[in-house]
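Construct the entire structure; sequences and hints are all you get.
Letter by letter, the sequence shown follows residues 1 to 236 in the UniProt record's numbering.
Since the hints were derived computationally from the structure, they do not count as laboratory data. All C-beta atoms in this analysis are idealised placements derived from N, C-alpha and C, irrespective of residue type, glycine included. Hints are not guaranteed to be accurate.
Unchecked claim - Only pairs whose alpha carbons sit at most 30 angstroms apart, straight line, appear in this in silico DSS-like list of lysine-lysine:
#, residue 1, residue 2
1, Lys138, Lys189
2, Lys90, Lys36
3, Lys170, Lys5
4, Lys108, Lys170
5, Lys108, Lys90
6, Lys170, Lys138
7, Lys90, Lys170
8, Lys192, Lys108
9, Lys138, Lys192
10, Lys192, Lys170
11, Lys189, Lys170
To be verified - Pairwise CB distance ranges, derived in the manner of DEER restraints:
#, residue 1, residue 2, range
12, Ala70, Glu145, 31 to 41 angstroms
13, Thr16, Ser79, 17 to 27 angstroms
14, Asp27, Asp99, 11 to 21 angstroms
15, Gly193, Gln74, 37 to 47 angstroms
16, Thr16, Thr224, 15 to 25 angstroms
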Amino acid sequence: MSSIKQNIEQVISQITSATEKCGRTADSVQLLAVSKTKPIVAIEEAIDAGQFAFGENYVQEGVEKVQHFATSPQADKLSWHFIGPIQSNKTRQIAEHFDWVHSVDRAKIARRLSEQRPEDMPPLNILLQVNTSAEASKSGVTFDELATLADEIAAMPNILLRGLMSIPQKADDYDSQYAAFHALAEAQKALKGKHPQLDTLSMGMSGDMEAAIAAGSSIVRIGTAIFGARDYGTKQ
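What follows is the structure, encoded as structure tokens:
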């Protein structure tokens, strides 16, 4: 059985290979280790391997991990990303503990995050989740609604609009994967005229990472390939 360190090295090798194929530098893509449901000891092993950015889907679990590592020797290097669905009654915990939020798709949620972000913390980095495949079962703003939402959120204090995120409809072929990611990248380009600070595209997981990187992803979200199969219990 491979170790978390070996898994991280393998994923980084895949990222490097994908960036080379499309003429990008390896450091233009950040690896976000999705550590949801994984224990502290697994995250410690990843940190020891040089991984410092972690993604969490469940608020209480994520906050507990952030608090645990707040006093660790590597605390200043760590970056915590909330990537799951956001309930209104959880926004304060997210605003007070995380560095990034990838899954904002409503002005109401952004406004709460803005109001609840502590004044002594840096602005909370915000990505707008876009439903690129228009699936009823998926969260995310539509392409048609995106510009209006971006304008509204960009004007809010204590948060900083940084880019877009998507979880496209599952596709096994490269061309379909690339088309969905390219559409998101084009949407971000269209927004940059008015919002030049947009510099982040969070898209791509283990099965479609190569297509995402070719389309311009700057953050790939990888979980099982690093930590192994997840044990889903009652999370909040």
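Here's how the hints hold up against the structure:
Taking the CA atoms of Lys138 and Lys189, the gap is about 23 angstroms. The hint holds against a cut of 30 angstroms. For the proposed pair Lys90 and Lys36, the alpha carbon gap of about 17 angstroms is at most 30 angstroms, so the pair holds. Of the supplied pair hints, the one linking Lys170 and Lys5 holds, its CA atoms being roughly 28 angstroms apart against a limit of 30 angstroms. Taking the CA atoms of Lys108 and Lys170, the gap is about 29 angstroms. The hint holds against a cut of 30 angstroms.
Distance hint between Lys108 and Lys90 is fulfilled; the C-alpha atoms sit about 13 angstroms from each other, no more than 30 angstroms. Restraint check: the Cα-Cα separation between Lys170 and Lys138 comes to about 12 angstroms, which is no more than 30 angstroms; the hinted pair holds. The hinted pair formed by Lys90 and Lys170 meets the criterion: a straight-line CA distance of about 28 angstroms does not exceed 30 angstroms. With a C-alpha separation of about 23 angstroms, the suggested pairing of Lys192 with Lys108 holds against the 30 angstroms cut-off.
A threshold of 30 angstroms between alpha carbons decides the hint, and for Lys138 with Lys192 the separation of about 25 angstroms falls inside it, so the pair holds. Annotation: proposed proximity of Lys192 to Lys170 holds, straight-line Cα distance about 28 angstroms (limit 30 angstroms). Proposed proximity of Lys189 and Lys170 is supported: the alpha carbons are some 24 angstroms apart, at most 30 angstroms. Checking the proposed 31 to 41 angstroms range against Ala70 and Glu145 shows it holds: the Cβ atoms sit about 36 angstroms from each other.
Between Thr16 and Ser79 the beta carbons are some 21 angstroms apart, a value that agrees with the proposed interval 17 to 27 angstroms. A hinted range of 11 to 21 angstroms for the beta carbons of Asp27 and Asp99 is consistent with their spacing of about 19 angstroms. Between Gly193 and Gln74 the C-beta distance comes to about 39 angstroms, which sits within the given range of 37 to 47 angstroms. Against the hinted window of 15 to 25 angstroms, the Cβ-Cβ separation of Thr16 and Thr224 comes to about 20 angstroms, which satisfies the hint.
Consistency note: the structure conflicts with none of the earlier hints.
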